[in-house]
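S.K.: Sequence:
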Amino acid sequence: MQINHIKHIQKKKAHGKLKQLYKHIELNFGKLAEPFVLHSLNVELTASVWATLCETVLVEGKVKRSLKEAIATSISETNKCNYCVDAHSIMVFGTEKDLLNTITRISNGKTKPITREDKIILWALKNLDFENPIIQKPPFNKEEAPEIIGTAVLFHYLNRMVTLFAGDSPLPSVKMKSVLINIVSRFVFAKAIKKKKTAGESLMFIDESNSRKGFDWAISNPNINEAFQYFKYQTENRIEQVLSPELISLLKQQSTNLHLLKPGFGNEKIKNFLKTVKPSEKQIAEFCFLIMFEPYKVHEKHFLALKLKFNDGQILQVASFASCLIAESIGERLFEMIRTTAKQYNDNLNLTI
1 MQINHIKHIQ KKKAHGKLKQ LYKHIELNFG KLAEPFVLHS LNVELTASVW
51 ATLCETVLVE GKVKRSLKEA IATSISETNK CNYCVDAHSI MVFGTEKDLL
101 NTITRISNGK TKPITREDKI ILWALKNLDF ENPIIQKPPF NKEEAPEIIG
151 TAVLFHYLNR MVTLFAGDSP LPSVKMKSVL INIVSRFVFA KAIKKKKTAG
201 ESLMFIDESN SRKGFDWAIS NPNINEAFQY FKYQTENRIE QVLSPELISL
251 LKQQSTNLHL LKPGFGNEKI KNFLKTVKPS EKQIAEFCFL IMFEPYKVHE
301 KHFLALKLKF NDGQILQVAS FASCLIAESI GERLFEMIRT TAKQYNDNLN
351 LTI
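For the sequence shown, counting from 1, position 196 maps to 196 in our numbering; every step adds exactly one.
Simulated from the structure, these hints should not be mistaken for laboratory data. Any given hint could turn out to be false.
[As the list claims (entries may be wrong)] Derived DSSO-like pairs: lysine-lysine, alpha-carbon spacing no greater than 27 angstroms straight-line:
#1 191 x 213
#2 97 x 197
#3 195 x 31
#4 23 x 196
#5 262 x 62
#6 252 x 275
#7 309 x 262
#8 175 x 137
#9 297 x 282
#10 62 x 17
#11 307 x 271
#12 278 x 17
#13 31 x 13
#14 271 x 252
#15 275 x 262
#16 23 x 262
#17 17 x 97
#18 213 x 142
#19 297 x 309
#20 126 x 309
#21 197 x 175
#22 23 x 252
[What the hints assert, rightly or not] Label pairs and their in silico Cβ distance ranges:
#23 26 x 178: 35 to 41 angstroms
#24 109 x 268: 39 to 45 angstroms
#25 141 x 195: 26 to 32 angstroms
#26 268 x 183: 43 to 49 angstroms
#27 241 x 305: 17 to 23 angstroms
#28 19 x 183: 25 to 31 angstroms
The beta carbon of each residue, even a glycine, is placed where N, CA and C say it ideally should be.
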């Protein structure tokens, strides 16, 4: 278990709700992995992350799990999160290993996507290219959106948190990676993968009365919708004790500037943003900006500076808040494309009638 920069609660030291949560994760996911444990200083946040992943990815509704694992792998590749690419390559291998070859084939651009699954994987690989035809005309419908967009949104969040706080890979070695993926899939995760998941079961760990509105793309699946709304509530809960209302407002505005997700925007954008921030919050504001748009640029120096003013729980809270902001904005943009496509279809249908 490799968690960097902040403290975490190990399995043997967990008690109460966290202990029950850890057991449920191991039973249904197969391993108590870093993406869950890195949140453990905040039990309710950990519960919300688990419920969101369980209801969105593990439970099969309109979309089979193997395809959602392929989406998770592809989103992680887009975000250059090596840990999550390796972790969910293991899951793809365990659920439908041929999809690993599909991801590689489409990612390399060697062949055009032919099947519907091919196109959904391409959609995930091009997820941040909002001008791409595959994004503007998504290869799935509104009924599938809670699981497909939900998986994308969740991994835009998790990729950032893992990049900040976890290691480079869940595998013991990067050598012979394909062999290790095979072994780990068969001997660590196989039992949990085969276990049938009960829709809504993970919601027992969350308080559904505490939630935040949003996530219109999830409305048709109440369990996913509730999980995401509680997740958002936990990322925002008590954030005003760490960040000023002015900075919170600035970050929310900034999170809608999705063109900044394109690589190589340089330092001008962050400099212009920091000009609007009061001096006492410039360090934490820069931290949040980088998390949203270039998380791989957050380094040890940022954490050392923050630790002079904030404790580990507060750093976790701020990172979670910023990661959720940008992930939610991406989800809204992706769903906007579905609504536009549906409207155009209905308009054309009315014209023919």
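S.K.: Holds or violated: residue 17 and residue 97, Cα atoms, limit 27 angstroms.
M.R.: The given pair, whose Cα atoms are some 35 angstroms apart, is violated under the 27 angstroms limit.
S.K.: Is residue 307 within 27 angstroms of residue 271, Cα to Cα?
M.R.: Within the cut-off at roughly 23 angstroms; holds.
S.K.: What's the verdict on residue 31 and residue 13, does the C-alpha distance respect the 27 angstroms limit or exceed it?
M.R.: 17 angstroms, holds
S.K.: Holds or violated: residue 23 with residue 252, Cα cutoff 27 angstroms?
M.R.: 35 angstroms, violated
S.K.: Holds or violated: residue 197 with residue 175, Cα cutoff 27 angstroms?
M.R.: Measuring from Cα to Cα gives roughly 33 angstroms; hence the hint is violated.
S.K.: Below or equal to 27 angstroms on CA atoms is what counts here, so check residue 191 against residue 213.
M.R.: 36 angstroms, violated
S.K.: Per the hint of 25 to 31 angstroms, is the separation of the Cβ atoms of residue 19 and residue 183 within bounds?
M.R.: 29 angstroms, holds
S.K.: Has the given pair, residue 275 with residue 262, been kept, meaning a C-alpha gap of at most 27 angstroms?
M.R.: 22 angstroms, holds
S.K.: CA of residue 262 to CA of residue 62, is that 27 angstroms or under?
M.R.: Not OK: residue 262 and residue 62 at ~31 angstroms, beyond 27 angstroms, violated.
S.K.: Given the proposed pairing of residue 271 with residue 252, does the C-alpha separation stay at or below 27 angstroms?
M.R.: Distance ~17 angstroms between residue 271 and residue 252 Cα, so the pair holds.
S.K.: Quick check: does the Cβ-Cβ distance between residue 268 and residue 183 fall within 43 to 49 angstroms?
M.R.: Check passed, 47 angstroms falls within 43 to 49 angstroms.
S.K.: Starting from the hint 39 to 45 angstroms, judge whether the C-beta atoms of residue 109 and residue 268 obey it.
M.R.: 31 angstroms, violated
Violation of the numbered hints given earlier is confined to hints 1, 5, 7, 8, 10, 12, 16, 17, 20, 21, 22, 23 and 24; the remaining hints are satisfied by the structure.
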